[in-house]
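A.B. asks: Sequence:
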Amino acid sequence: MTIEMGILQINTGNYEVIPVATSEIFYQFWLPACKCLGLQFISHFHDGSLNVVSVKDVPKIVEELICLHSYTLEQEDLAFMSERIERIIQVFQTTDTTFYEYDFG
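91 is the number that my numbering gives the last residue of the sequence shown; the numbers go up by one with no jumps.
Derived by calculation from the structure, the hints in this document are not laboratory data. We put the beta carbon where it would ideally sit given N, CA and C, even for glycine. Heads up, a few of these hints could be off.
Pairwise CB distance ranges (calculated) [stated by the list, open to error]:
| id | residue 1 | residue 2 | range |
| --- | --- | --- | --- |
| 1 | S40 | Y1 | 24 to 34 Å |
| 2 | E62 | E2 | 17 to 27 Å |
| 3 | L59 | Q26 | 19 to 29 Å |
| 4 | P18 | I(-4) | 29 to 39 Å |
| 5 | P18 | N(-3) | 16 to 26 Å |
| 6 | Y13 | E69 | 32 to 42 Å |
Please take these sequences and the hints and turn them into a complete structure.
C.D. replies: Listed below in structure tokens is the structure:
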């Protein structure tokens, strides 16, 4: 199973999928890092509770992603995660919540 971010362009219905991690990698590396850093939103990317991301939660998720990204760059064994995190941050920073909806699962 794969954990993914979905991006729906509301006006066109275009839906794009951004890979986050395999379930195994998410459980083995992402969740322990989230626990260590006290991250609330990212730790739910896999469980369906973010199947619709609230507009008000987007800044909090981006903040957590930036925190996790910094952490992965400091941890040699987690550096492989940085590219995926950068891509998710980029999506949030280059899309407008007025025209896009996001989900994780």
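A.B. asks: Against this structure, judge whether each hint is valid.
C.D. replies: Do the hints match the structure? See the list:
| no. | hint | result |
| --- | --- | --- |
| 1 | S40 - Y1: 24 to 34 Å | violated (19 Å) |
| 2 | E62 - E2: 17 to 27 Å | violated (31 Å) |
| 3 | L59 - Q26: 19 to 29 Å | holds (21 Å) |
| 4 | P18 - I(-4): 29 to 39 Å | holds (35 Å) |
| 5 | P18 - N(-3): 16 to 26 Å | violated (39 Å) |
| 6 | Y13 - E69: 32 to 42 Å | violated (19 Å) |
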